[in-house]
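S.K.: Spelled out from the first residue to the last, the chains are:
2 protein chains.
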Amino acid sequence: MTHGNHGGDCLRSNILDFSVNINPMGLPGRVASIISKSTDAVLSYPDPSSERLKNRLALLNNVKPENVVIGNGSIELIHLIPRAIKIKRAIIPVPTFSEYELALKANNSKIVFLNTDERDNFKVDPAKIADALKQCCALFLCNPNNPTGSLLNADEVLRIAYLCKKRKTTLILDEAFIEFTKEAAASGIVKEAVKSGYLIVLRSLTKFFAMPGLRLGYAVAHKNIIKKIAGFQYPWNVNILAQLAGKEAIKDRAYMKKTPVFISEERRYMSEALNNIKGLKAYPSSANFILCKLQDASIRDCGGLKRRLLRDGIYIRDCGNFRGLNGRFFRVAVRRRMDNNRLISSIKKAIR
Amino acid sequence: MTHGNHGGDCLRSNILDFSVNINPMGLPGRVASIISKSTDAVLSYPDPSSERLKNRLALLNNVKPENVVIGNGSIELIHLIPRAIKIKRAIIPVPTFSEYELALKANNSKIVFLNTDERDNFKVDPAKIADALKQCCALFLCNPNNPTGSLLNADEVLRIAYLCKKRKTTLILDEAFIEFTKEAAASGIVKEAVKSGYLIVLRSLTKFFAMPGLRLGYAVAHKNIIKKIAGFQYPWNVNILAQLAGKEAIKDRAYMKKTPVFISEERRYMSEALNNIKGLKAYPSSANFILCKLQDASIRDCGGLKRRLLRDGIYIRDCGNFRGLNGRFFRVAVRRRMDNNRLISSIKKAIR
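Chains as they are written, first to last, in the numbering used here: chain A, 1 to 352; chain B, 1001 to 1352.
Take the hints with a grain of salt, since some may be wrong.
[As the list claims (entries may be wrong)] Once the Cα atoms are required to be at most 25 Å apart in a straight line, the calculated DSS-like pairs of lysine-lysine come out as:
(1) B:K1247 <-> A:K37
(2) A:K247 <-> B:K1037
(3) B:K1223 <-> B:K1086
(4) A:K105 <-> B:K1086
(5) B:K1086 <-> A:K88
(6) B:K1247 <-> A:K88
(7) B:K1110 <-> A:K228
(8) A:K105 <-> B:K1251
(9) B:K1105 <-> A:K223
(10) B:K1037 <-> B:K1251
(11) A:K86 <-> B:K1228
(12) A:K105 <-> B:K1247
(13) B:K1064 <-> B:K1123
(14) B:K1105 <-> A:K88
(15) B:K1088 <-> A:K110
(16) B:K1223 <-> A:K110
(17) A:K86 <-> B:K1110
(18) A:K227 <-> B:K1110
(19) A:K88 <-> B:K1088
[Said to hold, decoys possible] Here's a subset of chain B near chain A, in silico, CB distances under 8 Å, partners left out:
(20) G1026
(21) S1036
(22) A1041
(23) P1046
(24) A1106
(25) A1130
(26) A1210
(27) M1211
(28) L1214
(29) I1240
(30) L1241
(31) A1242
Treat the hints as calculated values from the structure; they're not laboratory data. Don't be surprised by glycine CBs; every beta carbon is placed ideally from N, CA and C.
Okay, chain A solo, but in the shape it has when bound:
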């Protein structure tokens, strides 16, 4: 697997890292104290299949534990799904998160890439999907999409889910960033996942709760699909500190409520400021990151910008290795105001 082509591969610790998409509010509630107090916990094996955390996440989503499977990061589940549901050929609208492709290739699954339109802000067109569905047994959809930030609303997603079900195509809906959007709560998609048999909803606790170091994600689906995925997991896949931190994190309802409000406000502020920089386009985003493009077609890539920002101690995600984008695209996370201002003024200075 080609690692190191994601964000977060920045190794200097004193750097302001805009390449990773984690919650700028820091660790929720008592997570930090749970970790620092749990050195004795590591002396014990974790709950082999995270039953207790699973129960809590089932409650949180108003589903049964049999509809939930916990992963060592949602990325473990992304890599298990092609094996578990035996995907022969899948659709991936691009640009999107690169691991769907890697997971499918590791399973020798064929892939149909569906280009989205830059002029349409890379939004997935349900009509185009309907056409492609005919020959595929799976569709990977990231919503809101990484790295573009484009969002299909609840109605659109449900429409695609129904369409997939009708065609007996499994929709793998990766909602790794959905809790960062204000529309998260409106989605009835989890209820649909439980009964559909052709819908798997993926969630990440890593990004929203700002603990990517611990690895934690989950899937919600019909119990038969969950059984198949769990059937390919090995025991103790999730470490005990991730289990403890996960249980603690989802207790912090204030953090969960405050985050999308905070992100929405900061994103609006950043988008405006970035779009005001001559030669830069910031695409509309519903997530906690913003895709940008250097508009001058004579510039080959954002390597120069990246180097200049690094001199100011700032790291961004060069998006040249995303299928469907080119070297002039880059992605920045939405962080706290002071940090965002540093980024903006540093970009201004660099592009000028």
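Position chain B against the provided structure of chain A, taking the given hints into account.
M.R.: What follows is chain B alone, placed relative to chain A:
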């Protein structure tokens, strides 16, 4: 996967747990303080493929980093290997660790089980293996073996490794407990693994360094095999605290030196005491656990013993679900003297 059929599924926290085989000396060196001080570390993604830890483990084993792959527990590697090296049919001498079978079955590999002889203390007979090798492309060998504690010495292992290589059969040598034996250092097996192309050595950091909650293991093999295994891994498979703790743990050479001496002395003490209990047989062990058997053939299983020990707050590993054993077998870990004495007197009381 059927979880919960391993040791360590004991949920009461005030229990003296003899079912898990971890180092009774507790966390080494500064591991506890590293964890409690690293709450900020979880805000960052782990090193995607644990390069820095890999470098340290390569140094420790006097091999190159290209000969090492890190797993989310060695169990991740056990589950990847059948896919990575495309095992069609494998030999498993039994009784042994049950995950080899589960990992092979998940890959639709066929399995030839090879019974070892109770009268020979379940020691693997190299001659029998030679016969079976003819039809198989892989051999799983746990050394010292879980749950029997029997050990093949360095010469015997090398002989089997050469035999495998000659037959183009890959030997997967699981040395999860080798550091607990005094003979560990004598083994030239890692050197052989690096050049063989038909030998994979698995190691666990979880058990020896008493941190099973964190999940950490590794494999040493020819670089082409390592590439194949790593090719099926997803990024960030090992969490950041396991990486930090692992790097810290292997610095503690005193702990590494003291452990096998301590274990050897306690095991001798326990074996003698257990064998002195009428109706009980303790098999010779070279590991940090001891396989025992209730000798009275009229007793169906050790369920009664287990229940009586639980009343004293003691938990043992019932071995009835190990292929090749029956309900009258159980396994106990080697712990500290005070705990071991509690176990011994509790068994005495229960069996009387």
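S.K.: Indicate, hint by hint, whether the structure satisfies it.
M.R.: Now the hints, each set against the structure:
Only pairs whose Cα atoms come within 25 Å are accepted, and B:K1247 paired with A:K37 is accepted, the gap being roughly 21 Å. A C-alpha spacing of about 21 Å is found between A:K247 and B:K1037, which places the hinted pair at or below 25 Å, so the restraint holds. Between B:K1223 and B:K1086 the alpha-carbon distance is near 17 Å, which keeps this suggested pair within the 25 Å criterion. Between the alpha carbons of A:K105 and B:K1086 the distance comes to roughly 16 Å, so the proposed pair stays at or under 25 Å and holds.
Between B:K1086 and A:K88 the alpha-carbon distance is near 19 Å, which keeps this suggested pair within the 25 Å criterion. With a C-alpha separation of about 41 Å, the suggested pair B:K1247 and A:K88 falls outside the 25 Å cut-off, and the hint is violated. With a CA separation close to 20 Å, the supplied pair B:K1110 and A:K228 stays within the 25 Å bound. The suggested pairing of A:K105 with B:K1251 is violated, with an alpha-carbon distance near 39 Å, which exceeds 25 Å.
Between the alpha carbons of B:K1105 and A:K223 the distance comes to roughly 22 Å, so the proposed pair stays at or under 25 Å and holds. In summary, the hint linking B:K1037 to B:K1251 is supported, as the alpha carbons are separated by about 18 Å, within the 25 Å threshold. Restraint check for A:K86 and B:K1228: the C-alpha separation of about 21 Å stays at or below 25 Å, so the hint holds. Restraint check for A:K105 and B:K1247: not satisfied, since their Cα atoms lie roughly 33 Å apart, outside the 25 Å limit.
This hinted pair does not check out: B:K1064 and B:K1123 have alpha carbons roughly 33 Å apart, beyond 25 Å. For the suggested pair B:K1105 and A:K88, the alpha carbons sit about 21 Å apart, so the restraint of at most 25 Å is met. Our distance criterion of 25 Å between C-alpha atoms is met by B:K1088 and A:K110, whose separation comes to about 23 Å. A distance of roughly 28 Å separates the Cα atoms of B:K1223 and A:K110; the hinted pair therefore is violated under the 25 Å criterion.
Using a Cα cut-off of 25 Å, the hinted pair A:K86 and B:K1110 holds, with the two alpha carbons roughly 20 Å apart. The suggested pairing of A:K227 with B:K1110 holds, with an alpha-carbon distance near 23 Å, which does not exceed 25 Å. Taken as a hint, the A:K88 and B:K1088 pair is honoured in the structure, with Cα atoms around 21 Å apart against an allowance of 25 Å. At about 7 Å, the closest approach between the beta carbon of B:G1026 and any beta carbon in chain A falls short of 8 Å, and the interface hint on this residue holds.
Hint on B:S1036 holds. Least Cβ distance to chain A is approximately 4 Å, under the 8 Å limit. Because the smallest distance between the Cβ of B:A1041 and any Cβ of chain A comes to about 5 Å, under 8 Å, the interface hint for this residue holds. The beta carbon of B:P1046 is positioned within 8 Å of a beta carbon in chain A (closest approach about 6 Å), and the interface hint is therefore held. Given hint, B:A1106 at the interface with chain A, holds; its Cβ is 6 Å from that chain's nearest Cβ, closer than 8 Å.
At a threshold of 8 Å, the smallest CB-CB gap from B:A1130 to chain A is about 31 Å, leaving the interface hint violated. Taken as an interface hint, B:A1210 checks out: its beta carbon lies about 6 Å from the nearest beta carbon of chain A, inside 8 Å. A distance limit of 8 Å between C-beta atoms decides the matter here; for B:M1211 the minimum to chain A is near 5 Å, and the interface restraint holds. With its C-beta approaching chain A no nearer than about 5 Å, B:L1214 sits inside the 8 Å limit, and its interface hint holds.
Hint on B:I1240 holds. Least Cβ distance to chain A is approximately 3 Å, under the 8 Å limit. At a threshold of 8 Å, the smallest CB-CB gap from B:L1241 to chain A is about 6 Å, leaving the interface hint in force. Annotation: B:A1242 was flagged as interfacial toward chain A, and the flag holds, the nearest CB pair being 6 Å apart, inside 8 Å.
In this structure, the earlier hints numbered 6, 8, 12, 13, 16, 25 are contradicted, and the remaining ones agree with it.
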